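Visitor: Next come the chains, spelled out residue by residue.
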Amino acid sequence: MSKLLRPKPLAIIIGFLALLVISILFVRVPLPTILLPGEAIPGLAIGNFKITNTFIATLIADIVVLALAFLAVRNMKDVPESKLQNIFEWIYEIFEGMLTDIGGKEKAKAWVGVFLTLLFFLLFANWMELVPGIDSIGYIEPVEKAYVEKGVTVGYQVKHLGPFITLTSEQVKLSNEEREAIKKEAEEVEAAGQEYHPHEPKGYVLTPYVRAATTDLNLTIGLALLVVIWSHVIGFRRLGGKYARRFALPVITGMKPIDLFVGLLEFISEFAKIISLSFRLFGNIFAGQVLLFVMAFLVSFLLPLPFFGLELFVGFMQAFVFAILTFIYFEQATHSHAGDEHH
Amino acid sequence: MAALGLNLNYLLSYIVNFFLLYFLLKKFVFPAVSQMLEDRKKRIAEGLTAADAARREAEEERKRLMAQLEAERAEAQQRVAAASAQAEKVKEDILAQARREAEAIKTSAVEEAEAEKQRILAEAHKQIAELAMLAAERVVRKGLDEKTQHQIIEDFLSQVSLN
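Residue numbers (this note's numbering), protein chains in the order written: chain Z, 1 to 343; chain C, 1001 to 1163.
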């Protein structure tokens, strides 16, 4: 206690408290619009393919991973001179060792690449939610348009700061009548073949240019589908026809009711794998992002800090869990069903 | 599905994206790292083996040298011992010789002295006899009275003792 009463710590504590008070009383930030789908960025499209902010984040994660990986292996030395090479080798060895413990040397060697690619990619995709400003730099559009396109009903007043436009914390809510009117107007405009633009927007909505890629279900479900199908491919390639037995058990053993049930469970569990992989990742990171939004919304300084730490951990943990489960699924696919051969 | 934002195009694009990433890393990055680790492991193993061999060799060399040193030391000791024994013997010999010589000298001296004594005694006997003969001659020649006889003997004896 006496340590805290010395001038320096005391000043720091008082500074913190002052910051807290200031942030609670004076600095308010708007709550970002929370939408489930990745948001397409207007004007950014390849043909019919609208580029979403989660897609941009994916590309950034790709670039970061590739850049780090290539920097690490560029000019490799037997006695490492670059720290990056050291770290990369260290990571490689740790996880290869871990996979060897789980599935043996041969399988670890075969799939450590998939494991590490998933780990690195998801790690940076997840951690992108932590980059300061990522949720507050974006394009601003009228709340009416956002309502028509995405169902957003809450906008904010804007303020012009030189060449920039910023949202204030003044909320604008669309009432039910207004919504009806906007819907009607938009339908009419679109029926005439034009794009809907409100004349006098009541409020504005900000959509970030970049949003953590794993907050998009398309990515998580896509990856989950990919790795589960991949595991089946591995199963077939390693076990051949034997692999099919686990699903076709009823047919082979003469349709005993219990076998039918087992085969059905086996089948369902494959879908459960996809669902659990994808929604675990998506749910954790999406919830983390919302948590960070809300904390910054409640108290803009200090309070979000511990949650950044938490999300750092969650981001790593989820990436690791996805990658290790993928490896385990791959590994399981190489086992023929217990006891089948001796029947 | 639309509410969740699910869209087949996006889904496929993410899968393709991941495949590309995997392909690039698998092609250019992981083999390099794995190769490097493998090589380093091999080289370290080789180095350790070599170091082990070198150490064993050095140990053997050391043992050999130690044995050699020990042998040389023992030999030197032996030589020193032998030398000192020899010296002792020489000393003893010299002493014995000296003693013997001294003894001989002493003995010969004693013998010589004895011989001299005998010789002198013999000489003395002879001289005494001669003198006695001489004195007797004189006595006989003069025919002396008893008083003169005594005087002559007296003189003779004093002469003798003076001699």
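What the hints contain is simulated information worked out from the structure, not anything from laboratory work. Any given hint might turn out to be false.
[To be verified] Okay, derived cross-link-like pairs now, BS3-like style, lysine-lysine, Cα gap no bigger than 25 Å in a straight line:
{"#": "1", "chain 1": "Z", "residue 1": "Lys77", "chain 2": "C", "residue 2": "Lys1091"}
{"#": "2", "chain 1": "Z", "residue 1": "Lys77", "chain 2": "C", "residue 2": "Lys1063"}
{"#": "3", "chain 1": "Z", "residue 1": "Lys107", "chain 2": "C", "residue 2": "Lys1026"}
{"#": "4", "chain 1": "Z", "residue 1": "Lys105", "chain 2": "C", "residue 2": "Lys1117"}
{"#": "5", "chain 1": "C", "residue 1": "Lys1042", "chain 2": "Z", "residue 2": "Lys105"}
{"#": "6", "chain 1": "Z", "residue 1": "Lys109", "chain 2": "C", "residue 2": "Lys1089"}
{"#": "7", "chain 1": "Z", "residue 1": "Lys109", "chain 2": "C", "residue 2": "Lys1063"}
{"#": "8", "chain 1": "Z", "residue 1": "Lys109", "chain 2": "C", "residue 2": "Lys1117"}
{"#": "9", "chain 1": "C", "residue 1": "Lys1041", "chain 2": "Z", "residue 2": "Lys109"}
{"#": "10", "chain 1": "Z", "residue 1": "Lys3", "chain 2": "Z", "residue 2": "Lys107"}
{"#": "11", "chain 1": "Z", "residue 1": "Lys105", "chain 2": "C", "residue 2": "Lys1091"}
{"#": "12", "chain 1": "C", "residue 1": "Lys1117", "chain 2": "Z", "residue 2": "Lys83"}
{"#": "13", "chain 1": "Z", "residue 1": "Lys83", "chain 2": "C", "residue 2": "Lys1041"}
{"#": "14", "chain 1": "Z", "residue 1": "Lys105", "chain 2": "C", "residue 2": "Lys1126"}
{"#": "15", "chain 1": "Z", "residue 1": "Lys107", "chain 2": "C", "residue 2": "Lys1042"}
{"#": "16", "chain 1": "Z", "residue 1": "Lys50", "chain 2": "Z", "residue 2": "Lys159"}
{"#": "17", "chain 1": "Z", "residue 1": "Lys77", "chain 2": "C", "residue 2": "Lys1026"}
{"#": "18", "chain 1": "Z", "residue 1": "Lys107", "chain 2": "C", "residue 2": "Lys1027"}
{"#": "19", "chain 1": "Z", "residue 1": "Lys83", "chain 2": "C", "residue 2": "Lys1042"}
Just so it is clear, the structure is predicted and the values come from calculations on it, not from any experiment.
Visitor: Indicate, hint by hint, whether the structure satisfies it.
Guide: Structure-based check of all given hints:
This hinted pair does not check out: Z:Lys77 and C:Lys1091 have alpha carbons roughly 78 Å apart, beyond 25 Å. About 40 Å separates the Cα atoms of Z:Lys77 and C:Lys1063, which puts this hinted pair outside 25 Å; it is violated. Distance restraint check for Z:Lys107 and C:Lys1026: the Cα-Cα separation of roughly 15 Å lies within the 25 Å cut-off, and the hinted pair is therefore satisfied. The hinted pair formed by Z:Lys105 and C:Lys1117 fails the criterion: a straight-line CA distance of about 121 Å is larger than 25 Å.
For the hint linking C:Lys1042 to Z:Lys105, the alpha-carbon distance of about 17 Å falls within 25 Å, and the restraint holds. For a cut-off of 25 Å, the pair hint linking Z:Lys109 to C:Lys1089 is broken: about 84 Å separates their Cα positions. For the proposed pair Z:Lys109 and C:Lys1063, the alpha carbon gap of about 46 Å is over 25 Å, so the pair is violated. Taking the CA atoms of Z:Lys109 and C:Lys1117, the gap is near 125 Å; set against the 25 Å cutoff, the hint is violated.
Taken as a hint, the C:Lys1041 and Z:Lys109 pair is honoured in the structure, with Cα atoms around 16 Å apart against an allowance of 25 Å. Straight-line distance between C-alpha atoms of Z:Lys3 and Z:Lys107 comes to about 55 Å, which puts the hinted pair past the 25 Å bound. For the given pair, Z:Lys105 sits about 84 Å from C:Lys1091 by alpha-carbon distance, which is inconsistent with the 25 Å threshold. Taking the CA atoms of C:Lys1117 and Z:Lys83, the gap is about 118 Å. The hint is violated against a cut of 25 Å.
Among the hinted pairs, Z:Lys83 with C:Lys1041 is consistent with the structure: their alpha-carbon atoms are about 19 Å apart, no more than 25 Å. A hinted pair counts as satisfied when its Cα atoms are at most 25 Å apart, and Z:Lys105 with C:Lys1126 does not qualify at roughly 134 Å. Taking the CA atoms of Z:Lys107 and C:Lys1042, the gap is about 21 Å. The hint holds against a cut of 25 Å. A threshold of 25 Å between alpha carbons decides the hint, and for Z:Lys50 with Z:Lys159 the separation of about 29 Å lies outside it, so the pair is violated.
Our distance criterion of 25 Å between C-alpha atoms is met by Z:Lys77 and C:Lys1026, whose separation comes to about 20 Å. As the CA atoms of Z:Lys107 and C:Lys1027 are separated by approximately 18 Å, the hinted pair is consistent with the 25 Å bound. Of the pairs offered as hints, the one joining Z:Lys83 and C:Lys1042 holds, with about 22 Å between alpha carbons and a cut-off of 25 Å not exceeded.
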